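Trainee: Each chain is listed here by its residues.
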Amino acid sequence: MNLLLVRRLGRWGIDRSQSFTRMFHILCQACAAAMRLSFFKPAVALVLVRQIYFTAVQPLSIIFVASLIMGSVTVHYLLQLLLGLGAYEQIGAFLIRVMLHEIAPITCSLIILLRSGTAVLTEVALMKINGEIDTLHSLNIAMDDYVFMPRVMAFALAGPCLSICFCMIALLGGFMTLGYWHDITFANYKDRLFNALEIKDLIILITKSMVMSVAACLVALQRGFSVNRAFTEVPIRLIQGMMQAITLLIAVEILFIIF
Amino acid sequence: MQTLSIFSLTSTHEHLLLSSPDETTIARLKIMVVQSDFHVGMINDDLPLLANLNALENIALGSMYHKNMSLEACRRKLKPAIHLLGLEQVMDQRQQYLNRSQRLKVQLLRCLADDCGFVLLDSPPRSDCDILDRALTTLDAGVFLWICCLSSELDAYTSLGYAIMDLGLLS
Chain A
323 MNLLLVRRLG RWGIDRSQSF TRMFHILCQA CAAAMRLSFF KPAVALVLVR QIYFTAVQPL
383 SIIFVASLIM GSVTVHYLLQ LLLGLGAYEQ IGAFLIRVML HEIAPITCSL IILLRSGTAV
443 LTEVALMKIN GEIDTLHSLN IAMDDYVFMP RVMAFALAGP CLSICFCMIA LLGGFMTLGY
503 WHDITFANYK DRLFNALEIK DLIILITKSM VMSVAACLVA LQRGFSVNRA FTEVPIRLIQ
563 GMMQAITLLI AVEILFIIF
Chain B
6 MQTLSIFSLT STHEHLLLSS PDETTIARLK IMVVQSDFHV GMINDDLPLL ANLNALENIA
66 LGSMYHKNMS LEACRRKLKP AIHLLGLEQV MDQRQQYLNR SQRLKVQLLR CLADDCGFVL
126 LDSPPRSDCD ILDRALTTLD AGVFLWICCL SSELDAYTSL GYAIMDLGLL S
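Here the protein sequences come in this chain order: A and B.
Every letter in the first sequence is one number past the one before it in our numbering, and letter 142, counting from 1, is 464.
Every letter in the second sequence is one number past the one before it in our numbering, and letter 167, counting from 1, is 172.
Calculated from the structure, these hints are not laboratory results.
This one's a predicted model, so the numbers in the text were calculated from it and none came from an experiment.
Hints should not be assumed to be uniformly reliable.
Calculated pairs, DSS-like style, for lysine-lysine (alpha carbon to alpha carbon, straight line, at most 30 Å) [as the list claims (entries may be wrong)]: (1) B/Lys-72 / A/Lys-450; (2) B/Lys-35 / B/Lys-72; (3) B/Lys-82 / B/Lys-72; (4) A/Lys-450 / B/Lys-35; (5) B/Lys-72 / B/Lys-84; (6) B/Lys-35 / B/Lys-82.
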């Protein structure tokens, strides 16, 4: 009984560490390709532009709606609470902290994961099953240049950019929709936000959303490449990938809270 | 006994029918072709066109990656060949929308774009050989077909009139 438990635990530990090792390996390969400036090659640039468009531009409409709804609710409740408590001075600091440190990076990373992460995982898995990866090998095209780097770079760029858009729409649009019900003018509200905003907040917003997006991308690439030859493996890897990515996002969140 | 190598095959400069007694020898030939520097392209269902690129991007991919050529430069370079093969209308189509003949011609152009002087086909359907043979005759680009097959299937290809070589001598 105990032996079986140890065996299962051991297998779980090995599998988990192997997937993280592979993810780290993919990250190193993508960074090496970026250092070699391979994105200047027309073939790689073509993929990079398409990935950036798909990951960072196309979700703008979803981000707009999500940020407006979440911003309205957050601004409304926080203003109601803080004005009720008479903590007029704390409005800017609270809203900046809640929006830049938590809501924006997490929401954007989840949208990127659900939208682009699933697409990358499925695309890579199908490329492998259909033999397109073998085609790239036969053309002597490096995986790290053509597959890894453009996707990792697009995710790394999309996370912070979408988070910044999210914050701006949520904080300003949020006040426009529900904030004016409260006893505070827009000029006053805006001044409080800008007075509370520090460089540190922006750094946290950018770093956190970048780390979360890249983690989502690495999981998608690693799980996509772990598919062998059967189409039936794709949904299984997709579910495993999503669960692992969400676990990683929680881990990143905890790390940022601790440090 | 005389041995056969990629070099001796390339030095023949003619269409070849390569017969092998077993699958292992064919697999060994394919590995040698991939690893060699003799610019031998391969057309094979195991090496398909990329599904998320259109026909022209598939053809130009190797040149864009290795020679830093732009898509437009590749289009200009291959325009006569594309015209001769009647593929102008399908250059912006993805592989899912191409028929078998168009797909084979696009794969042939991919080999030409990579400056391959020889194209290896592994046990292709006879109809594929006819399509590619006609395409190469039309292009007259000095590219030669190598059709490899099992000795037991050789009869299906002999009417092409290609010189026959025994892969059993492959070194």
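Trainee: Compare the structure with the hints numbered earlier in the document and write down the numbers of the violated ones, lowest to highest.
Mentor: none
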